[in-house]
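There are 2 protein chains.
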Amino acid sequence: MKIGILGGGQLGRMLIQEALKYDDEFYTLDPASDAPCHNISYFTQGNFNDYDTVLEFGKDKDVVTIEIEHVNADALAELENQGVKVVPNSQIIKTIQQKILQKKFYEENNIPSPEFEIMDGSSDEIKMPLPFVQKMNTGGYDGKGVQVIRTNEDMKNLWTQDSVLEKLVDIDKELSVIVARNENGETQTFPVTEMVADPKLNLLDFNVCPVHLTEEIEEQIDSITEKFLAAVNSPGLFAIELFLDKKGKVWVNETAPRLHNSGHQSQEGNANSQFEQMYRVVKNLPLADTDAIIYSGMLNLVGAEGFSGKVIYEGMEEVLKLPETYIHLYGKTETKPGRKMGHINVLADSREELMEKLIQVKAMVRVIA
Amino acid sequence: MKIGILGGGQLGRMLIQEALKYDDEFYTLDPASDAPCHNISYFTQGNFNDYDTVLEFGKDKDVVTIEIEHVNADALAELENQGVKVVPNSQIIKTIQQKILQKKFYEENNIPSPEFEIMDGSSDEIKMPLPFVQKMNTGGYDGKGVQVIRTNEDMKNLWTQDSVLEKLVDIDKELSVIVARNENGETQTFPVTEMVADPKLNLLDFNVCPVHLTEEIEEQIDSITEKFLAAVNSPGLFAIELFLDKKGKVWVNETAPRLHNSGHQSQEGNANSQFEQMYRVVKNLPLADTDAIIYSGMLNLVGAEGFSGKVIYEGMEEVLKLPETYIHLYGKTETKPGRKMGHINVLADSREELMEKLIQVKAMVRVIA
Numbered sequence: 001m002k003i004g005i006l007g008g009g010q011l012g013r014m015l016i017q018e019a020l021k022y023d024d025e026f027y028t029l030d031p032a033s034d035a036p037c038h039n040i041s042y043f044t045q046g047n048f049n050d051y052d053t054v055l056e057f058g059k060d061k062d063v064v065t066i067e068i069e070h071v072n073a074d075a076l077a078e079l080e081n082q083g084v085k086v087v088p089n090s091q092i093i094k095t096i097q098q099k100i101l102q103k104k105f106y107e108e109n110n111i112p113s114p115e116f117e118i119m120d121g122s123s124d125e126i127k128m129p130l131p132f133v134q135k136m137n138t139g140g141y142d143g144k145g146v147q148v149i150r151t152n153e154d155m156k157n158l159w160t161q162d163s164v165l166e167k168l169v170d171i172d173k174e175l176s177v178i179v180a181r182n183e184n185g186e187t188q189t190f191p192v193t194e195m196v197a198d199p200k201l202n203l204l205d206f207n208v209c210p211v212h213l214t215e216e217i218e219e220q221i222d223s224i225t226e227k228f229l230a231a232v233n234s235p236g237l238f239a240i241e242l243f244l245d246k247k248g249k250v251w252v253n254e255t256a257p258r259l260h261n262s263g264h265q266s267q268e269g270n271a272n273s274q275f276e277q278m279y280r281v282v283k284n285l286p287l288a289d290t291d292a293i294i295y296s297g298m299l300n301l302v303g304a305e306g307f308s309g310k311v312i313y314e315g316m317e318e319v320l321k322l323p324e325t326y327i328h329l330y331g332k333t334e335t336k337p338g339r340k341m342g343h344i345n346v347l348a349d350s351r352e353e354l355m356e357k358l359i360q361v362k363a364m365v366r367v368i369a
Numbered sequence: 001m002k003i004g005i006l007g008g009g010q011l012g013r014m015l016i017q018e019a020l021k022y023d024d025e026f027y028t029l030d031p032a033s034d035a036p037c038h039n040i041s042y043f044t045q046g047n048f049n050d051y052d053t054v055l056e057f058g059k060d061k062d063v064v065t066i067e068i069e070h071v072n073a074d075a076l077a078e079l080e081n082q083g084v085k086v087v088p089n090s091q092i093i094k095t096i097q098q099k100i101l102q103k104k105f106y107e108e109n110n111i112p113s114p115e116f117e118i119m120d121g122s123s124d125e126i127k128m129p130l131p132f133v134q135k136m137n138t139g140g141y142d143g144k145g146v147q148v149i150r151t152n153e154d155m156k157n158l159w160t161q162d163s164v165l166e167k168l169v170d171i172d173k174e175l176s177v178i179v180a181r182n183e184n185g186e187t188q189t190f191p192v193t194e195m196v197a198d199p200k201l202n203l204l205d206f207n208v209c210p211v212h213l214t215e216e217i218e219e220q221i222d223s224i225t226e227k228f229l230a231a232v233n234s235p236g237l238f239a240i241e242l243f244l245d246k247k248g249k250v251w252v253n254e255t256a257p258r259l260h261n262s263g264h265q266s267q268e269g270n271a272n273s274q275f276e277q278m279y280r281v282v283k284n285l286p287l288a289d290t291d292a293i294i295y296s297g298m299l300n301l302v303g304a305e306g307f308s309g310k311v312i313y314e315g316m317e318e319v320l321k322l323p324e325t326y327i328h329l330y331g332k333t334e335t336k337p338g339r340k341m342g343h344i345n346v347l348a349d350s351r352e353e354l355m356e357k358l359i360q361v362k363a364m365v366r367v368i369a
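Chains as they are written, first to last, in UniProt numbering: chain R, 1 to 369; chain V, 1 to 369.
By construction, these hints were calculated from the structure, which means they are not laboratory data.
Keep in mind that the hints are not guaranteed to be accurate.
Pairs count within a copy or across copies, as identical chains cannot be separated in the list.
[Unchecked claim] List time: in silico DSBU-like cross-link candidates among lysine-lysine, alpha-carbon distance up to 30 angstroms: (1) Lys340 - Lys283; (2) Lys156 - Lys362; (3) Lys340 - Lys2; (4) Lys321 - Lys227; (5) Lys321 - Lys61; (6) Lys310 - Lys59; (7) Lys156 - Lys321; (8) Lys362 - Lys94; (9) Lys362 - Lys227; (10) Lys104 - Lys2.
These figures come from a predicted structure and were not determined experimentally.
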């Protein structure tokens, strides 16, 4: 089957890597000539935001999917009209692309997400009390397009673009759950993962699984995933980012209609990975089992501050000596501060051991140039 | 790093698949334009038995390795002279390519292998008593070039080519152990796997791990792997095929200087796979941990008798519904009787459960056209 992917980054690369177990042809579209997928797929250099480019790329494929949501969804809608299967469909991509529509989707489907107000120029008055979070309607990505407004002083910095203003949640834990639905309507959910910050070392990017939650909290999450999967009306793999507040209530922060950083530990930690699951969704195959077979955690390898240029992974040989430790690099030749260059997955028999290992590994490596 | 592989078949494909976790460029050489590696590496169509072709292919690589042993070893020796790293080195490839040299290697290094006699035209008389196994000196592969001579009648069919005549072992179990050694001299051994035949169904191609052996037998195997790794004088990953005879004595049947079918269950069954280990050997990195984390088994998907042409994997959707079951196809478009088209790995909590699952899966699938 000819599978086209909009985007040729690491998510696409790891999807293709997993899917090499099967017999398909992968085609990728990305503006960067050295995108991580360029040498492991039939690669087209081009802009996935451009209507004509996406239409041209997709028209001879059996199915078109995405590994980034900021794509030209109108072109995907036209491809659907022309009979090309698009996973997830253009409608849900459009909904999730726009924070205002995304919030309305939660509201309409009775999915708990923080109280919000739409700022689209239709009213001069902001009713949302301080502090609140401003999320730009479009263009937000990887923390960009989001700011916290805490004081009247901060109000001067309010962006003027169409936005969602959202009540600030008093966060106890940041959780994530990856769900999948195929065209046949079959659904499957990954175990919840937790984004852990280490207070001593200010490490912000550990993602661990499984998470021990009270039955009451698990029920809230189950209810969210069930409502989401019932409402979404599209095949796809989705990452639902959750806040657990200090009163024990679970809120949806936002959803990504694609593979997600918070699911990377599934590569070695679960019976099947999010990449295997995505492949099955794209091909409308029976969904895979997702059991967490052990404690697993992931740390991102991001470009260190002050280094740009040809990447050097300092300390990697030492990491290779550690058992149950798995390095995943993304095939990017150039590093820059904050760029996601890879990740490391670690397995352990307990949460304590896992955290110790993650902290140990984090201290061993540095992405420099 | 530029890594060249002689051969572009499934072993190369799965090596490259695993190594997509790292940042390297893979180049493959294979006579078939649609070889499994052709669309996931920089591919050269050509004959790996041809001196000039191998020399030309290898001269600009940082390291050259093999995924099949029937390659032009003289060209590899010349590449070594020119400063290209070759893993495993040309000398051990030459030794293993020729059954006579291979048997002498075992003899010289006090590694137990069945009693033998060389048939190379230097003597007319065959002293080896019946029954015995005749193995052609060169050209044997996948069971070809090997025959059992049981009777005086069989003697008429004796091949005239240079051969080894080997005492027939009264086999209790067929075992395999994959060992690795890097350039730094570090060594690592995978848990032993067993080739299991199911007497009822005459299923010959299950490979299961771990195997419960007496301490005395494990000591014999440890002694063999230690002697082998000490004697081999080359970095490499090697599959040592063993016979356990009915008296409890372990013999080396033969060795492959490469990735091996008997190690495929390591993909999901071990802490790291043979492919990860091979990658580390090729790059002289610290070797990976190889623990068996659960019971695992593999069955080959081979082309059914009577079917040739564009492959159809009958029953595969049903297999995808099974938990802890992993399909690996090799990207070959055409099937023919007996052709290795893929394999399926299965995990289980006990040997009994594993065997049940393998028999169940085997009955579900058929490779037809």
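Now the hints, each set against the structure:
1. Lys340 - Lys283: both (28 angstroms within a copy, 24 angstroms between copies)
2. Lys156 - Lys362: neither (38 angstroms within a copy, 68 angstroms between copies)
3. Lys340 - Lys2: both (28 angstroms within a copy, 24 angstroms between copies)
4. Lys321 - Lys227: between (44 angstroms within a copy, 24 angstroms between copies)
5. Lys321 - Lys61: between (43 angstroms within a copy, 26 angstroms between copies)
6. Lys310 - Lys59: between (36 angstroms within a copy, 25 angstroms between copies)
7. Lys156 - Lys321: neither (52 angstroms within a copy, 56 angstroms between copies)
8. Lys362 - Lys94: Neither, since 37 angstroms and 44 angstroms both go past 30 angstroms.
9. Lys362 - Lys227: neither (37 angstroms within a copy, 39 angstroms between copies)
10. Lys104 - Lys2: neither (35 angstroms within a copy, 51 angstroms between copies)
Going down the numbered hints, you'll see the structure goes against 2, 7, 8, 9 and 10, while the others check out.
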